[in-house]
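Trainee: One letter stands for each residue in the lines below.
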Amino acid sequence: MSAQAGTAPDAGASLETRLRATARSEWIKFRSVRSGPAVLLATAVILPVTAWLLCAYYRNSWATMSPASRASFDPVFISLRGIEGAQLFVGALGVITATGEYTSGLIRSTFIATPQRAQVIAMKATIFAAVVWAWCTLLSFAAFFVGQALLSSPAKHVAIGDPGVLTAVLGGGLYLTAVGVLGLFIGVLLRRTPAALAALFGILLVLPVAIGLLGGNIGAQLAEFLPDGGGEEIFKLLHGGAYTLGPWQGFAVLAVWVAAAAAAAFLLVRRRDA
Amino acid sequence: MMSETMQATTASSGRRAAPPALLRARAALCAEWIKLRSLRSMLVTPVLAAVVCIGYADFLCWRFTQRWHTFDAANKAGFNPLDTNFNVLVIGVLFFGVLGALVVTNEYGNGLIRTTLTATPQRGLILAAKTALLALIALLWSAVICFALFLTGQAILAGHIPHVTLADPGVLGRVLGAIFYLTTASLIGLFIGVIARSAAVAMTCVFGVFLVLPTLLNSLQGGVWRHTVPYLPPNLGNALWLSRTGTGSLASPTVAALGLAAWVIVLGALATYSLRRRDA
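So the sequences go chain by chain: A and B.
Residues in the first sequence are numbered from 1 upward in steps of one, following the working numbering.
Residues in the second sequence are numbered from 1 upward in steps of one, following the working numbering.
No wet-lab data here; the hints were simulated from the structure.
Yeah, the Cβ is synthetic: ideal placement off N, Cα and C, and Gly gets one too.
Honestly, I wouldn't trust all of these hints.
[Claimed, not checked] Which chain B residues face chain A? A few, computed with CB under 8 Å, are given here: (1) Val88; (2) Ile91; (3) Leu102; (4) Leu125; (5) Val171; (6) Met203; (7) Leu220.
Generate coordinates for the entire structure from the input sequences, incorporating the hints supplied.
Mentor: Put into structure tokens, the structure is as follows:
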């Protein structure tokens with residue numbers, strides 16, 4: 001009883017002070033994890049190099065492409081396709097940001113220092129999202145400009161001012177951030193690195209392949225409600241085919257998946273042991 | 001008397017200092033076997049692999065029997081019962097790659113690897129023991145999975161639509177090819193794990209190599225791509241069980257089997273070098 005009374009003044013620290021302290025400790029943890037800079041560097045290689053490889057290939061083979069494949073050629077999506085590789089690394093970084101603390105046992109100190117667990121998780125996700133968003137948006141623009149510089153006439157190319165292009169390029173950064181945050185919340189939910197990675201990659205990469213094997217219309221109809229199939233619409237310029245969702249509706253599908261993982265994480269992190 | 005005791009002592013202490021190679025190999029195998037069978041992911045991953053592969057392959061076959069009447073003549077002519085049955089291996093291979101990666105990264109994760117390397121300083125021997133045991137387990141388990149999904153899948157197709165049996169020409173070879181692919185995938189996962197030393201990096205690499213690389217690169221066909229893309233491990237592996245080989249982006253089955261073996265040997269050499277040179 002008296003112990004509780006003694007800690008009362010601490011617990012009564014103003015919300016602002018506590019949030020600032022949590023933010024600072026989460027920032028220190030984020031930047032002192034060795035895999036952080038390595039992953040961010042890896043994405044900085046993957047995005048422009050994939051744009052360079054793919055766009056150079058399509059410029060050289062443009063003359064031999066059929067009219068149908070020329071019509072369905074999406075210059076923005078091809079420049080940004082490196083995102084499909086980079087999402088592995090960004091998603092894994094999100095997972096490790098959460099599970100790394102459980103593996104090392106640091107999470108127990110964190111929760112003793114800040115018993116408001118939801119605040120810790122929220123601040124962790126916010127700092128992660130801010131860093132990843134800034135970096136990946138930058139890389140998305142870099143990949144776009146590398147790609148468009150290579151796709152010269154007669155190959156189809158676009159300028160950043162053309163309708164829908166800016167949304168798509170900004171969308172590349174948003175998509176990667178959302179994938180990373182999804183990984184972070186799955187990490188909080190599962191608490192173990194291999195299990196969380198398997199779950200994230202399963203939802204993100206394996207489910208679309210599994211549904212693709214179904215064939216027929218049902219495969220395409222289900223695919224656009226997966227985080228990968230729906231979310232990718234945001235960095236495409238051409239929509240349609242079997243897909244019915246526009247860029248922001250597609251991104252909303254991904255956002256709903258992230259929100260569901262977040263809700264489960266916030267609920268369970270308060271109930272369970274660390 | 002005295003000299004006899006002396007001799008006996010030196011002999012026994014000499015044996016303790018340098019046990020015969022055969023004994024050491026057996027001890028290493030025993031140690032690795034205990035670690036393997038007490039690993040939880042060693043139970044979870046293979047069970048999941050069997051449930052997903054056999055269950056989903058049977059479901060896909062059943063779906064084709066249901067949709068058969070909606071197919072036009074071209075679709076019916078293009079239907080391949082063996083490919084339909086084995087398509088699920090595009091996913092199944094991931095379980096085997098991850099299994100191999102977890103076998104070794106688990107030890108790095110909990111620090112047991114330092115005990116292992118202290119107990120058996122012959123690091124090459126440890127890797128050889130791990131490789132042998134994993135290859136044996138993966139071979140047996142992938143054989144169970146491949147034959148089970150083939151036999152159940154074709155049984156579901158039979159009676160409704162075209163199907164094949166093991167006696168048909170080329171079919172047994174493709175089932176064995178699928179088993180070979182899954183086994184080599186687990187070894188590739190193991191060697192990636194030894195090089196990466198962390199579960200997160202190794203699993204990311206396994207998914208990257210077996211799932212993302214083919215998605216990104218398989219649409220590229222001309223020039224330098226024609227001579228590189230077919231030799232990615234997943235494309236080599238798929239060439240072993242897909243019926244349409246030797247065309248487009250797939251190598252012939254013989255080339256594919258040799259290519260996969262080459263990947264295993266090269267990655268195995270890199271892993272041995274990395275394990276012997278670096279800290280644990």
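Trainee: Look at each hint and say if it fits the structure.
Mentor: Verification of the supplied hints:
no.	hint	in the structure
1	Val88	7 Å, holds
2	Ile91	6 Å, holds
3	Leu102	6 Å, holds
4	Leu125	26 Å, violated
5	Val171	21 Å, violated
6	Met203	5 Å, holds
7	Leu220	5 Å, holds
In the structure shown, a violation is registered for the earlier hints numbered 4 and 5, in ascending order.
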